[in-house]
Amino acid sequence: DAGVIQSPRHEVTEMGQEVTLRCKPISGHNSLFWYRQTMMRGLELLIYFNNNVPIDDSGMPEDRFSAKMPNASFSTLKIQPSEPRDSAVYFCASSLGSGGIQPQHFGDGTRLSIL
Amino acid sequence: KQEVTQIPAALSVPEGENLVLNCSFTDSAIYNLQWFRQDPGKGLTSLLLIQSSQREQTSGRLNASLDKSSGRSTLYIAASQPGDSATYLCAVFSGGGADGLTFGKGTHLIIQP
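First to last, the sequence lines map onto chains A and B.
With this note's numbering, you'll find the first sequence wraps up at 215, consecutive numbering, no jumps.
With this note's numbering, you'll find the second sequence wraps up at 488, consecutive numbering, no jumps.
Please keep in mind that the hints were generated in silico from the structure rather than gathered at the bench.
Glycine included, every Cβ here is placed at the ideal spot set by N, Cα and C.
Where hints are given, some of them may not hold.
[Said to hold, decoys possible] Within a straight-line C-alpha distance of at most 27 Å, the following computed DSSO-like cross-link-like pairs (lysine-lysine) qualify:
{"no.": "1", "chain 1": "B", "residue 1": "Lys376", "chain 2": "B", "residue 2": "Lys443"}
{"no.": "2", "chain 1": "B", "residue 1": "Lys480", "chain 2": "A", "residue 2": "Lys124"}
{"no.": "3", "chain 1": "A", "residue 1": "Lys178", "chain 2": "B", "residue 2": "Lys443"}
{"no.": "4", "chain 1": "B", "residue 1": "Lys417", "chain 2": "A", "residue 2": "Lys124"}
[As the list claims (entries may be wrong)] Just so you have them, the derived chain A footprint on chain B, three or more residues with Cβ under 8 Å:
{"no.": "5", "segment": "388 to 397"}
{"no.": "6", "segment": "432 to 438"}
{"no.": "7", "segment": "442 to 449"}
{"no.": "8", "segment": "453 to 460"}
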């Protein structure tokens, strides 16, 4: 079975540019999570969707970040405008059911560098 | 706010040794605890999930225990192999509307051949 698929794997762009990260969850999973990983802060939850609806976006750092899930098989995380401090690895994860009751399955991440 | 701590931050042991990784959390009101493995440049692979009502879970050479009242979990790896080298992360699910996982910063494990 295909796992969680993220694209691109790597993104290097200049400060001020718009960045769009993409995620395809495992088919049949109805919960989707976006996390950010940095050396200083470790892994942090940014936003959580259940049945395509954003449930908890309290982890989104500021208005420059937005996330959408237009259907059950696709989600995007957008940063506009990007800043150097946004450099991190961004992970998407999906799971069955709601919340964290079931194991979360992670994609390989997008390594984002903002120059 | 839930906080998860993992000790040690790094560990290097010879092949064949048994070892224990530690995880502690500040709020004992959790639904479950999950151990993950992360290889360089890769995502996280779920190893074991322990529900709050359980004391331990086993998978092959891995055994995870949970003492919810004291806010502790351990991951025991038996007969370690070089292929076990990775970063091991502990995460708790606290529910209550915060539906994501709270992660520790991980233990970087190196198994020397």
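Between the segment 453 to 460 of chain B and chain A, are there enough contacts, at least three residues with CB-CB distance under 8 Å, for the coverage claim to hold? Coverage by chain A is violated for the segment 453 to 460 of chain B (0 residues, Cβ < 8 Å).
Checking C-beta pairs, does the segment 388 to 397 of chain B have three or more residues closer than 8 Å to chain A? violated (count 0)
Would the pair Lys178(A) and Lys443(B) pass a check requiring their Cα atoms to be no farther apart than 27 Å? 38 Å, violated
Please check whether the segment 442 to 449 of chain B has three or more residues whose CB lies within less than 8 Å of a CB on chain A. violated (count 0)
Stated coverage of the segment 432 to 438 of chain B by chain A [criterion: 3+ residues, CB within 8 Å]: violated (count 0)
What's the verdict on Lys376(B) and Lys443(B), does the C-alpha distance respect the 27 Å limit or exceed it? Holds: Lys376(B) and Lys443(B) sit about 16 Å apart, inside 27 Å.
Is the straight-line distance between the alpha-carbon of Lys417(B) and that of Lys124(A) 27 Å or less? 16 Å, holds
What's the verdict on Lys480(B) and Lys124(A), does the C-alpha distance respect the 27 Å limit or exceed it? Holds, because 26 Å separates the two Cα atoms, which is no more than 27 Å.
When held up to the earlier numbered hints, the structure conflicts with 3, 5, 6, 7, 8 and fits the remainder.
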